[in-house]
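Peer 1: All chains, please: the whole structure from these sequences, using the hints.
Chains as they are written, first to last, in my numbering: chain A, 116 to 872; chain B, 9 to 374.
Incorrect hints may appear among the rest.
Unchecked claim - Straight-line distance between alpha carbons at most 30 angstroms, and here's what the computed BS3-like set of lysine-lysine pairs gives: (1) A:K768 - A:K753; (2) B:K258 - A:K690; (3) B:K93 - A:K687; (4) B:K318 - A:K686; (5) B:K185 - A:K623; (6) A:K411 - A:K515; (7) A:K623 - B:K184; (8) B:K184 - A:K686; (9) A:K687 - B:K14; (10) A:K830 - A:K755; (11) A:K472 - A:K417; (12) A:K614 - B:K185; (13) A:K550 - B:K93; (14) A:K417 - A:K302; (15) B:K329 - A:K612; (16) B:K175 - A:K623; (17) B:K14 - A:K614; (18) A:K768 - A:K156; (19) A:K686 - B:K329; (20) A:K755 - A:K156; (21) A:K623 - A:K686; (22) A:K614 - B:K175; (23) A:K687 - B:K326; (24) B:K183 - A:K690.
Claimed, not checked - Anything over 10 angstroms on all C-beta distances counts as not near chain B; from chain A, calculated: (25) G208; (26) G322; (27) A401; (28) F408; (29) Y850.
Honestly, the hints are just simulated from the structure, not real lab data.
Heads up, the beta-carbon is just placed ideally off N, CA and C, and yes, glycines get one too.
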Amino acid sequence: MSRICDKSDNIWKNKYVVIFNVVTGLIFIMLFILSVLPAKKYDFNGNTFIAAGEAADNLAIYGDITLNPGVYRVLLDYETENDEEAYVTVKDGTVITGGLLTNYEHFYKDNGRTDFEMWLFEKGEHIEVCVNSTGKGSVSTGNLTFIKTNRLYTMAITILVFLYLLGMGIFTFLYKDKKGLIAKESKQVALVLFVIFFFASLPYLYGFNISGADLTYHLQRIEGVKDGILAGLFPVRLEPKWLYDLGYADAVFYCNLFLIFPAFLRIMGFPVSFSYNCYSIAVNLATVLISYFCFKNMFKSKRIGVICSGLYTLSVFRIYKLVITSAVGEGTSFTFLPLILYGFYLLLAKEKEEIKKNAWIPITIGLAGILQSHVLTCEITAFVILFICILYINRVFIPKIFFKLLKAAFMTLFVCLWFVVPFLDYYLTQDVHIKHVSARTIQSSGLELSHLLFNFWTSGTHTASDGAGLYSSHPIGIGFVLVLFAFVFAILLFTGKIKNNIENRFFKTVFLLGIVLMIMSLNIFPWDMLQSLHPVLASLISSLQFPNRFLGWGTLCMVIVAGYDLSFFMKKNEKVHIAMIIAICLFTVTSGLRLTDYAVYTSNQYELYNAASMGYGYISGAEYLLESTDYEELTYMKAKCGENIQINDYKKKALGADFVCINSSDENGYIDLPLLLYKGYKALDTDKKTELMIIEGENGLVRIIIPANYEGHIKVSFVSPLYWRAAEIFSLIAYLALFASCFKKGRREKCKNQEKC
Amino acid sequence: MQKSGKVLIALLLPQVLILLLLFALSFKKENLLISFGDAEATDNEESAISLFEENEVLLTPGVYKVEVYFKDEVPNDSGVQIVAKDDIYHSLLSNMVPVFPQDKYIEFNVWAAKKCMARPKVVSGKENYNPVLYMNIIKTSKGFFVIASILFGVFFVIDALIVLRIKILNNELSKKKQIVFAAMLSAIILAFFPLLSGYCYLGSEGRFIFFPVFLLHAGLPFYAVYKIYVFMLLLFSALTSYYCMRFCFKDEVFAMILSVVYLLFPYHLYSIYDKGAMEEGLLYIFLPFVFMIVYLLIEKLFIKKKLSIKNIWVNSSKYLKALLIGALLLYVLIAIYKVNSFAFEHRAVYLYDAVNSFKVYAFFEK
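Peer 2: What follows is the structure in structure tokens.
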């Protein structure tokens, strides 16, 4: 222990570390210089015409182009009569597999120019630009431009930083290990946690994405954040390029805080599928570490902490959500669930005198994490908290506990204010589609009882539905092993083996909560009846979409129950404890890992590199589209002028436009801009500094009223209201306060260690 | 009298009274609710479906009998069903009952689980032609029997659990017996796994001949009776095998292990689920007795020194023990795989009406 406190120990003076730092520094400087060099342009002139009725299959319109390795933007001028009837792609049959990464971009009538990325990792000497057309309407292509960006070097810098951190981590580990500062148990724990993390991340270690139902939606979200940041919007509220450049309010309703990481990778130049995989791996890492921290402290055993972390991270429902449906938002929220129960454990499972000062912190971080990753999980979390508070009604109002809970609630609110204020603002003032789905019932998509007991899951083809039983069902359940442990807990409870004390009461509550949540996920739970009771209930229940969402929390509760069983038998009967660990390994391998394997090999695999490859129009269930807007009518558009209105120098920008306008008549006129009318758009006459009126135009577009006999330069842009900005500042302060509290806690523990020394 | 006995009597009295009352109510007279004539149907030319849109009827929870009288000409591929107007989940349990050219009259049951508006739906093999002359919907009193059956099951489980708990807490049940009970219960649930979903599987042979006819006629839906029957088969197989093995080997835990192995034997599960051969399922209840007799004969005639399972186990090497435990674990795992894959690969069928189950099943198969 004395070595920990020895200040003379300094890894930075180690000669290998010095060499490592110097080499890394030199490479970094070189890459940095390369990355700030100006972009190069390669222009090619030519015309190709494909007449209506003539289908084109990989028609090479430009060929034998030679390009050096790099990340390019491909700009091709074109004219077409229809939307999405033709597309362009780039090929080179001579480069190595994975040497040229690109998809394609569709042609749109009112767009006129492609702009998509291409990654070339070796010199291409036979690059071809090919057009495909269905023959429905004529297509003509014009000049081609390749712009070599500096993103190859920014990608290299990112990889270098990652390798540097990894290298330093390994150096630190070896250095400390050599000095005997790392306990054997800690090394074992780290190894097992790494194995869990590795297995959970296996589906993301390929060069493709598994085609979950929500995959393209979340890839679009990542692209949206990237586009927003590149357009100078921060925080990103409306994704500017999503929905054919019309701007979509996904970010207002679905918080994208955590997507800043994959968006950053996109900005640095990585393909979107790679960024998505990196993000999912990061989610797995966070889940492994957070759940280990919570379970270890809850059961006061590193071994049980590791096992429970494995059970939670490799649980069937989590794999189903993250891998099979690609519900990365919900998957992210699962990372924070253990913190909430751990927080309640610190408050409710301890005697008054033992309650720690900072017991509110896990609840705050957990709630804030959930709210900022998946709002629907928040709805279920509210139910869970209500359930616990009702069962602990006698303890919740003890001042020491009550004020801590209050503090956690307020701190969460302040931390999330930057998201909550715009969310409520839009929800209350904008007539979005999500407000009109209360008639959708959910009971019929509930689970059968046998779903919960299933072990040998495969990907399946459909979610639970009436009549089919388990036939070819998606892996929706908590897994056999957790039910087995719940059964063991029930036997212990039934036979009176669990003593009545304050800590055990908490685990009994968790067990009961888990059972209730599992019942709520079944099709026997009267959701339809509850929905018919009150419009608010109808809206809340309808928004859940699937009762199986309760299994996220259900899984966590049952993992804690399993942890209790392990802890119980660790003290009472070591043989049973070991048998339980063997059973966990056996069932985790045959359930979670088998499922992961199946998912990888039986699902469709997508290699999507940018937004263009997905099209710009997919918005899942169109939940955040204005109700007055007909989704089918939306596509790329040009500004439409009313009678006697003329516009010049028109420039479409991200969430805005810039143009000179003339109204030669004596009456007011209008211009419909290709922007969806969400709250926040402003039209400004830049010369007179006056604001022009904006109303709803055709199909929910922004319509600017041009006064009679008007001539001037108009700038339209999206401006966050002041109170949104104020909320952001509040949140920033709250974040700083939260970090300070965590830091203070960490320092206090460190001081305690030093006192022990 | 032991404490558990007193508690049981205290519990049983009100329960028996409730069940008797419900049983008595189930003999109430039938009540004609509504009649539909041919003239009231609206024909849909495109799909050859007739709906009695104007004459909807409010069904309160209960069991209803539907009597249908047909015209002289009934085209092939025709069928009759009572459908709920609103799509409330599981409000009305009713199958499309196929009608054949020779049918002049059919009757079938429908179960209203919730209050709902319902109307007849007639599918005709001939476009723009409704083969139904008229039909009656009659409210029966079988609903009370259905409730009584459900309550009987609930009461039985509650009583058994209460008595068991008292016995355990009073140390009237040895630890060994508790383990045996828990393991047997787990094995039965495991073997019953495919039927924990809402509906039933009829297997490749779909034999119904051994189904408890009394329960069907008393008003329980077909799928519920099927489940009760399969559960009984598994329960009694487990009990008889346990009893016989214990009798032979005089060791509770060993008997339990053998009984679990017997219950989860893949061919046993294959017979019941994949083949749907209920008579084979019945056979498995009695087979352990044959084994017991044979074993006792062999023991009496050939084995001079009595076998002691406990001694064999104690004297085994740790490798053999590990091998046996591993084999047993693997065996259970295979059984889980078997029931899992069966449920995953087979589409469940939803059959409610007993009388027309053959017809409905044939319709589904078609």
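Peer 1: State for each hint whether it applies.
Peer 2: Results for each hint:
1. A:K768 - A:K753: holds (12 angstroms)
2. B:K258 - A:K690: holds (25 angstroms)
3. B:K93 - A:K687: Since the Cα atoms of K93 (chain B) and K687 (chain A) sit roughly 59 angstroms apart, the hinted pair is violated (cutoff 30 angstroms).
4. B:K318 - A:K686: holds (27 angstroms)
5. B:K185 - A:K623: Judged against 30 angstroms, a Cα distance of about 25 angstroms means the pair holds.
6. A:K411 - A:K515: holds (25 angstroms)
7. A:K623 - B:K184: Judged against 30 angstroms, a Cα distance of about 26 angstroms means the pair holds.
8. B:K184 - A:K686: holds (21 angstroms)
9. A:K687 - B:K14: violated (34 angstroms)
10. A:K830 - A:K755: Cα-Cα ~16 angstroms, so holds.
11. A:K472 - A:K417: The hint holds at about 23 angstroms.
12. A:K614 - B:K185: holds (22 angstroms)
13. A:K550 - B:K93: holds (26 angstroms)
14. A:K417 - A:K302: Distance of about 11 angstroms is within 30 angstroms: holds.
15. B:K329 - A:K612: holds (29 angstroms)
16. B:K175 - A:K623: holds (22 angstroms)
17. B:K14 - A:K614: Holds, at roughly 27 angstroms.
18. A:K768 - A:K156: holds (22 angstroms)
19. A:K686 - B:K329: Holds. K686 (chain A) to K329 (chain B) sits at ~25 angstroms (cutoff 30 angstroms).
20. A:K755 - A:K156: Given that 30 angstroms is the threshold and the Cα spacing comes to 33 angstroms, the pair is violated.
21. A:K623 - A:K686: Cα-Cα ~18 angstroms, so holds.
22. A:K614 - B:K175: Satisfied, since the Cα-Cα distance of roughly 18 angstroms is no more than 30 angstroms.
23. A:K687 - B:K326: holds (23 angstroms)
24. B:K183 - A:K690: Within the cut-off at roughly 16 angstroms; holds.
25. G208: Label holds. Min Cβ-Cβ 42 angstroms, cutoff 10 angstroms.
26. G322: holds (30 angstroms)
27. A401: Holds, since 32 angstroms exceeds 10 angstroms.
28. F408: Nearest chain B Cβ is 32 angstroms from F408 (chain A), so the label holds.
29. Y850: Correct as stated: the minimum Cβ-Cβ distance to chain B is 44 angstroms, above 10 angstroms.
Comparing the model with each earlier hint shows violations of hints 3, 9 and 20; every other hint is respected.
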